[in-house]
Amino acid sequence: MTPATPLLEVRALAKRFGAQVALQDVSLEIAAGEIHALAGENGAGKSTLTAILSGALAPDEGTILWEGRPVVLPDARAAQALGVSIVHQEPQLVPSLSVAENIGLGRLPHRAGPMRLVDAGAMRAAARAALDLLGVAVPVDAPVGAIGAAQRQLVAIARALHFGARLIMLDEPTSSLSLGEVQALLTSLRALRARGTTLVYISHRLEELRALADRVTVLRDGRVVTTAAMAAMSNEALITAMSGRELAADLQGGPPPPGREPCLRVRGLAQAGRLHDLTLAVREGEVVGLAGLMGSGRSRALRTIFGADRRDAGTVEVRTGEGWRGVHDVAGAIAAGMGLVPEDRRALGLVFTATVGDNIGLRTPPDGRRWGFLRTHVLRAVAEAALARLRIKARGIDAPVRTLSGGNQQKVVLGRWLRDTRVLLLDEPTRGVDVSAKAEIHRHLRELAASGMALVVASSEIPELLALSDRIVVMRQGRMVGELDRARATPAEILSLATGATETRAS
Amino acid sequence: MRTPWWQRLAPLLGLFLLCLVLSLASPHFLTVDNLLNVLRQSAINAILALGQLVVIITAGIDLSIGSVVGLTIVILTLLMRHGVSAPLAALLALGVGTLIGLANGLLLTRLRLPHPFISTLGTLNVARGAALLLAGGVPISGLPPRFREVVAGSLAGIPMPVVIAALAYLVTHVFLSRTVYGRDLYAIGGNREAARLCGIPVDRRLNLAYALSGAAAGLAAIVLAARMNSGFPLAGTGAELDAIAAVIIGGASFFGGVGTVGGTLIGALIIGFLRNGLNLLDVSAFWQMIVIGVVIVVAVWIDVLRQRVGRAA
Numbered sequence: 001m002t003p004a005t006p007l008l009e010v011r012a013l014a015k016r017f018g019a020q021v022a023l024q025d026v027s028l029e030i031a032a033g034e035i036h037a038l039a040g041e042n043g044a045g046k047s048t049l050t051a052i053l054s055g056a057l058a059p060d061e062g063t064i065l066w067e068g069r070p071v072v073l074p075d076a077r078a079a080q081a082l083g084v085s086i087v088h089q090e091p092q093l094v095p096s097l098s099v100a101e102n103i104g105l106g107r108l109p110h111r112a113g114p115m116r117l118v119d120a121g122a123m124r125a126a127a128r129a130a131l132d133l134l135g136v137a138v139p140v141d142a143p144v145g146a147i148g149a150a151q152r153q154l155v156a157i158a159r160a161l162h163f164g165a166r167l168i169m170l171d172e173p174t175s176s177l178s179l180g181e182v183q184a185l186l187t188s189l190r191a192l193r194a195r196g197t198t199l200v201y202i203s204h205r206l207e208e209l210r211a212l213a214d215r216v217t218v219l220r221d222g223r224v225v226t227t228a229a230m231a232a233m234s235n236e237a238l239i240t241a242m243s244g245r246e247l248a249a250d251l252q253g254g255p256p257p258p259g260r261e262p263c264l265r266v267r268g269l270a271q272a273g274r275l276h277d278l279t280l281a282v283r284e285g286e287v288v289g290l291a292g293l294m295g296s297g298r299s300r301a302l303r304t305i306f307g308a309d310r311r312d313a314g315t316v317e318v319r320t321g322e323g324w325r326g327v328h329d330v331a332g333a334i335a336a337g338m339g340l341v342p343e344d345r346r347a348l349g350l351v352f353t354a355t356v357g358d359n360i361g362l363r364t365p366p367d368g369r370r371w372g373f374l375r376t377h378v379l380r381a382v383a384e385a386a387l388a389r390l391r392i393k394a395r396g397i398d399a400p401v402r403t404l405s406g407g408n409q410q411k412v413v414l415g416r417w418l419r420d421t422r423v424l425l426l427d428e429p430t431r432g433v434d435v436s437a438k439a440e441i442h443r444h445l446r447e448l449a450a451s452g453m454a455l456v457v458a459s460s461e462i463p464e465l466l467a468l469s470d471r472i473v474v475m476r477q478g479r480m481v482g483e484l485d486r487a488r489a490t491p492a493e494i495l496s497l498a499t500g501a502t503e504t505r506a507s
Numbered sequence: 001m002r003t004p005w006w007q008r009l010a011p012l013l014g015l016f017l018l019c020l021v022l023s024l025a026s027p028h029f030l031t032v033d034n035l036l037n038v039l040r041q042s043a044i045n046a047i048l049a050l051g052q053l054v055v056i057i058t059a060g061i062d063l064s065i066g067s068v069v070g071l072t073i074v075i076l077t078l079l080m081r082h083g084v085s086a087p088l089a090a091l092l093a094l095g096v097g098t099l100i101g102l103a104n105g106l107l108l109t110r111l112r113l114p115h116p117f118i119s120t121l122g123t124l125n126v127a128r129g130a131a132l133l134l135a136g137g138v139p140i141s142g143l144p145p146r147f148r149e150v151v152a153g154s155l156a157g158i159p160m161p162v163v164i165a166a167l168a169y170l171v172t173h174v175f176l177s178r179t180v181y182g183r184d185l186y187a188i189g190g191n192r193e194a195a196r197l198c199g200i201p202v203d204r205r206l207n208l209a210y211a212l213s214g215a216a217a218g219l220a221a222i223v224l225a226a227r228m229n230s231g232f233p234l235a236g237t238g239a240e241l242d243a244i245a246a247v248i249i250g251g252a253s254f255f256g257g258v259g260t261v262g263g264t265l266i267g268a269l270i271i272g273f274l275r276n277g278l279n280l281l282d283v284s285a286f287w288q289m290i291v292i293g294v295v296i297v298v299a300v301w302i303d304v305l306r307q308r309v310g311r312a313a
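First to last, the protein sequences are chains A and B.
Its first residue numbered 1, the first sequence is counted upward by one per residue in the working numbering.
Its first residue numbered 1, the second sequence is counted upward by one per residue in the working numbering.
Looking at chain B on its own, in the form it has when it is part of the complex (with noise of 0.2 angstroms):
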């Protein structure tokens, strides 16, 4: 569903102004080297954006993903060292991810838990929980070298990261734009009654969503895991908050319904880029934990003065 110009220009606007305002500050900024680091390094979280943005347009929201990040690349990495090959392992990871993220969606609508806060708060200690049990504590390690190769690597002198990225957003944007399961899930975060009375099978929808979300984990675990070149347990710790955030400033409302892919791409980036440029200009972790803060509150209070004026309308 379609969302007016001027509330997809917002998030547009503040990336192109950062980008201006860190190409002056540092003449390290405006490199082919650099923008490709940025991008390399925001693959993961723009990932992890993209599942997080479709269950946040249902008004949703999945806290999990961090967690079954940990928990994929964990029994991706100890079947790949258990010699399976590094595709099937790859493949099977998917699944994992998204077998958890169904299993969030069937707490939501089977028990008809209050609110998808809970069933994922109770998935994210779970699935970090089998983690650490899985690996004992400690990373895995003595992955295939051709896995990293090829994950980590590069196409065309493009990261693959960012290409396996590109791929997913191209992907889902058509399924979010083109398929009726796309604009179910606008319909549904919009207005489920309605949605209801229109005939849209709501649980149904609703579970696919948070497969979808759980899929994306598990991807970002896959690229996650070359990076490292190991299986920590610990992956992923944190990583719904930058998702959600992502999603957050490019322009999704929590009050769901409205969110679009170039949007996400466009938070995952402003966080991405900023970060970089803190480091750049040599400002202290701490520091960009304050700014990031801050540029989260701004976004989410832009967020609330558009519904007002949506309301006011």
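Extracted from the complex, chain A is given alone in its bound form (with noise of 0.2 angstroms):
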């Protein structure tokens, strides 16, 4: 036995999702007190590490070792009875409820007696105490809904604390913080160590891992890369930890496009305090990819231009056969030409109580509807078009979308966009499908680029944007930071502007 016992330490983790390998052979130790970060791109693992530690997901294999001695976590609440918490991006609060009520929900003090009134006093004093070992004042009579995002942070951390937590896992806490409530929350984790706490932090910002973390362990594809001292790492190191060397493999491609005209225009485009002078120009047959960390702006650009979303200054235009074609909202986009397969199939691009048919001819073509009635044989035929050039498989177009696999739903929603469309703007095309059905709908962009459509394609996956594009855009904070050509990009290049390690902006 080591003088130190680690608080927390796991042991040859694996969890699988189906085909797909979420983590494999994960060990990893968290020393008592200490402040452990962990990083890696989207899709490394981290989410699924702390789920599994935080009672929210079981492991298919390993074991977790708490004080030494092996642990079962079935669940959240034996995860907190043990002591360790878990406090998301997004805090799970209620708005309604005052922040003391907030902190003590589940357990609130109560009197002796049938009725069970909850002893407002004691209440109210226990979430000040835990407010207190952050070194916060905050107002514990206001309602939650009332107090900024950064306060709601620091009211989920107090609830951990209150819970009897000794491990809190934070994951991307800072993501929708200002730099100043960064600071302060910074200062309060710091508190929080002195006092004993240990912590584990998951953030995409380099600097703030760099001013908090006593130890970091980086994580890709599932598999721990490195554990080291976080003194011990540079920036450098770090980026080519997360991402990795092996992929200039994926690079291959067709040749450059050739001078082709340019068919979309995007001058200015800004949207209040979330995107800022968005300026880009498409060629037909050009493939420009959007990189970005989560909440860089990347998808809100694209639905900005879609007219999706609210616009605040800027144009975007279309080259249509008679000349360029402003755009401003969803219909007029669809009119010149544009298309958008969003982020969120299920929440934002399918109606899963239709077929897939119908699902196709969502978007009517305008030869598919006359004086407000349907050709119905014209959807039919543009259905049956998509299915078989997609190869979607499905019973046939009037199979429920439904029933049919992730890789194939997203398909349909490609599907869509196969006829009278010039520019087609793609968030996360690939997310949750497996990796065939990932390398087919790759091919099948890449035919249509081929064939003059201009795409643009945002992507939380690196390999993904330098499989598939001609040019890369950088973004972060909602300003694009810089643009790459597919010969000099590299993830590690595009890792450091979308993290802010390097300020200078590339041509």
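These are computed hints drawn from the structure, not numbers from a lab.
Please read these numbers as outputs of a predicted model, since none were measured by experiment.
Just so it is clear, CB atoms sit at the ideal spot from N, CA and C, and this is done for glycine as well.
Incorrect hints may appear among the rest.
Derived contacts from chain B toward chain A, CB cut-off under 7 angstroms, selection only [claimed, not checked]:
#1 129
#2 144
#3 178
#4 179
#5 180
#6 190
#7 192
#8 193
#9 197
#10 198
#11 229
#12 258
#13 262
From the structure, some residues in chain A lie toward chain B, with a derived Cβ separation under 8 angstroms [to be verified]:
#14 187
#15 294
#16 351
#17 363
Not close to chain A: a few residues of chain B, all C-beta gaps over 12 angstroms, as computed [claimed, not checked]:
#18 81
#19 83
#20 88
#21 106
#22 156
If you follow the hints, you should be able to join the two separate chains into one complex; please do so.
Here is the structure:
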């Protein structure tokens, strides 16, 4: 036995979702009283790991040791009883209840007697005590809906402390906070460490990891790449560990597009506080990748170009047969020949109560309707053609769309835009689909581009962007911070622009 | 949009079983006279249910239709008593119903009220109050005899209310299954955001759906005026609940995106036959309420089970 038994240790943890490997052979130790950073790209396995440690997911293999003793965490309550809590990016609190009630919810102090009246005084005192540990003054009687995002984070942490947490995992706690709020939060977390609470901290922002963490574990593709003292890892070493090097092989693809005409022109597009001065031109047959961390404004950029989100400034134009045409709303965008494959097919893409054919025909091509009536034979032909061209595996166009696999559902969304489309915007086009469907969708996208369609692809997976794009635009905090052409783009360079490790604006 | 056959089969099976049981239980049930009687009595609820179906498909609800019947019946009968010709008065009544429905839609899409339950609950009270004010609290009588003879009479042996309902069902069926508008309503109910991102003008379509529901209420008011031969300001009180029951028993989903004209017809007939059969069997009206309540709950429970199966698939 080592002199200091780690507070928490995991050994050879593995987790699979169907054919997809989320975690494999993950072993790490969290020492008592340290702040341990978890770093990695989206999909590296950070969330799966914290979900297992907080009792929300059961591992397929491996053991968890708490102070050297093996434990099983069947649910969140068991983890909480042990002293492990998780605070999510968007803390799950009840907005209409007060800060004190939220902190105590589930174990509110009550007076004796059959009515179990809440002891409001004791409740407030307990809430204040928990907030004092963080060294902050949050009004305990204010409703949680009325306080800011930063204070909500603190309330969630105080709630964990009130429940006796000794290890708190924080999943991207700063993604919606301003710079000043981030500093305040970091100060509170340091105060917590000084009192002996152990923290696991997940963030994409390298400067935060550097300012806070004692040690860092880097995950990639579900495996631990390295665990090291934070001070011993340079930014370059971290980025290399996160992105890996073997990705260059993915760079094959067709030749760069010949000198074709531009067909999408975006100038000075802005949405107050969220999107700033987006300017972009895309040529026929060109694929532009949109890179950036979660919350960098990729999706918002696409939705605003498409006219689906409010626009405060700027213009969007598509070149049609009759010259440039301004786009102001979704109907106008579609009429001009623009299409959008949204990021979440379940929430935004598909009508789950409808059939495959009706979902494809939802974006009705001009010849699919006449005098308000649907031209069923045209729509069926369009749907059949999409089914054949994208090799959608379904019993036919009358099959309910919910019976299809994720990859085939994604192809249904794509299938809407095969005809009468000049510019196609795609947001995470392969999220949650299996590897073979992903390769197939990539091939279809290349074919669409080769036929002259202009594509803008936003993705959180850098290999995907490298495999598809002619050039890659990197976004950070709602701005374009760099543009790299395919020959020069490397994962490390993209990541360093996206995280702000390099501030220089590449051309 | 098509629903799997087994989803549509459940209500039809229910209707069939009900008729089988009733014809065994009462010798008076399976007679031409009685069947026509049930159809005549079901026509008004069936027309109201049609409007309700259009709204429920969009994942909405229209609580105001009973009151809209009351208001339009008062306006219709007042117009006729003041010498307006019956066809013109009927047309105006349809217009009034449509306008109130449109107002329901605008409350939802312009004021962005959080749920149509609220907007149409408001209209329910406003329309009923307006009906009572206009009528001075008493029924309006003295309608032209010809109006009653035509609208409450029969055509080739079939009661005119049944003919009117049948036409309304045919038109609505074509509207929902063959037109862009109908298809858009299913899409909005199934996934509003996906519909919007496919360029469907969601607000305009919702306004249309509520306007149609109001129009159905106006049509029901015309038929009811002829059958009652008067304009009673409290006419249609609670009618929205029977209409909702018919739509839900007919297999439409409160979650939106699912529902057919055929199912709704079956739902309205199940309620009609149930009332009729219980009357023939001399079951008290109090027990009838209990039975219908149970049928509604069971039908929605089946809907919930279907949703669960749908999610698991």
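How the hints compare with the structure:
1. 129: violated (33 angstroms)
2. 144: violated (36 angstroms)
3. 178: holds (6 angstroms)
4. 179: holds (5 angstroms)
5. 180: holds (5 angstroms)
6. 190: holds (4 angstroms)
7. 192: violated (9 angstroms)
8. 193: holds (5 angstroms)
9. 197: Since chain A brings a Cβ to about 6 angstroms from residue 197 of chain B, closer than 7 angstroms, the hint holds.
10. 198: Cβ of residue 198 of chain B sits 4 angstroms from chain A, so the hint holds.
11. 229: Cβ of residue 229 of chain B sits 38 angstroms from chain A, so the hint is violated.
12. 258: Hint on residue 258 of chain B: holds, closest Cβ of chain A at ~5 angstroms, below 7 angstroms.
13. 262: violated (17 angstroms)
14. 187: violated (40 angstroms)
15. 294: violated (20 angstroms)
16. 351: holds (4 angstroms)
17. 363: Residue 363 of chain A check passes; min Cβ-Cβ to chain B is 4 angstroms, inside 8 angstroms.
18. 81: holds (38 angstroms)
19. 83: Check passes; 38 angstroms lies beyond 12 angstroms.
20. 88: holds (27 angstroms)
21. 106: Consistent with the label, residue 106 of chain B stays out of reach of chain A, its closest Cβ about 20 angstroms off (over 12 angstroms).
22. 156: The assertion about residue 156 of chain B holds, with a minimum of 30 angstroms to chain A.
Checked against the numbered hints above, the structure breaks hints 1, 2, 7, 11, 13, 14, 15 and satisfies the rest.
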